[in-house]
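Peer 1: Go by the hints and put chain B onto chain A.
Chain residues, written in single-letter form:
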Amino acid sequence: AQKVTQAQTEISVVEKEDVTLDCVYETRDTTYYLFWYKQPPSGELVFLIRRNSFDEQNEISGRYSWNFQKSTSSFNFTITASQVVDSAVYFCALVISSGSARQLTFGSGTQLTVLP
Amino acid sequence: DGGITQSPKYLFRKEGQNVTLSCEQNLNHDAMYWYRQDPGQGLRLIYYSQIVNDFQKGDIAEGYSVSREKKESFPLTVTSAQKNPTAFYLCASSPGPWTDTQYFGPGTRLTVL
Chain A
2 AQKVTQAQTE ISVVEKEDVT LDCVYETRDT TYYLFWYKQP PSGELVFLIR RNSFDEQNEI
62 SGRYSWNFQK STSSFNFTIT ASQVVDSAVY FCALVISSGS ARQLTFGSGT QLTVLP
Chain B
50 DGGITQSPKY LFRKEGQNVT LSCEQNLNHD AMYWYRQDPG QGLRLIYYSQ IVNDFQKGDI
110 AEGYSVSREK KESFPLTVTS AQKNPTAFYL CASSPGPWTD TQYFGPGTRL TVL
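Those sequence lines, one after another, are chains A and B. With positions in the first sequence counted from 1, the corresponding number in the numbering used here is that position plus 1. With positions in the second sequence counted from 1, the corresponding number in the numbering used here is that position plus 49.
Isolated chain A (complex conformation) (with noise of 0.2 angstroms):
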């Protein structure tokens, strides 16, 4: 079975700070997807990435970057320069390439408050 842990519940920053929200992942596929999702206080889930397993390579976006790291199985997400709009639930998901037990498993999201 699959499973997502983001261990940080709830996170409190100052506006312009760097923040890096954590997610650590196990499966004992060799090829699987991960993502990132935001959820606003309007509450739909917005799509921030996807990686695949065989692509360790890290990604920025703007001020949005992500460290994956297959070695401690963990693929991590770091805002720069933290701005109010970024307040939201933040949530990583897992999903294996195939088998009958498949589907986008999610971790249970870390709370992310930035404050002006």
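What the hints contain is simulated information worked out from the structure, not anything from laboratory work. Hints may be right or wrong, so weigh each one.
Stretch by stretch, here's where chain A covers chain B in the computed footprint (C-beta under 8 angstroms, at least three residues) [claimed, not checked]:
1. 83-92
2. 139-148
3. 155-162
Backbone N, C-alpha and C define an ideal beta-carbon position, used for all residues, glycine too.
Peer 2: Frame of chain A, contents of chain B only:
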């Protein structure tokens, strides 16, 4: 604009009544999903459909039913058999099943009085 719509945004029902939540997508996606979210928790899969006229149970299907008669539509019925239906319900779709990115609708908040 392409996207996923869910209606209504808020829904109130009396205990013992069935209620149907709407989910429509115009993204031409084959796969659609229903998730339930309770406060402070992640998403749990209720039902999914990989193709028209076919659907499968997820982890918490008891007390729910779905249909997939059209590619664009995947309504969810919360029946009176669902013991604790008050929750936030999210619908999603993806081009293909599972490994493709799932895109989510705005959600429906159901409160049973």
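Peer 1: Each hint: holds or not?
Peer 2: Here is what the structure says about each hint:
Counting residues of the region 83-92 of chain B whose beta carbon lies closer than 8 angstroms to any beta carbon of chain A gives 4, which meets the minimum of three for the stated coverage. Remark: the region 139-148 of chain B is confirmed as covered by chain A, as 4 of its residues place a Cβ nearer than 8 angstroms to a Cβ of that chain, reaching the required three. Under a criterion of three residues with beta carbons nearer than 8 angstroms to beta carbons of chain A, the stated coverage of the region 155-162 of chain B is upheld, 3 such residues being counted.
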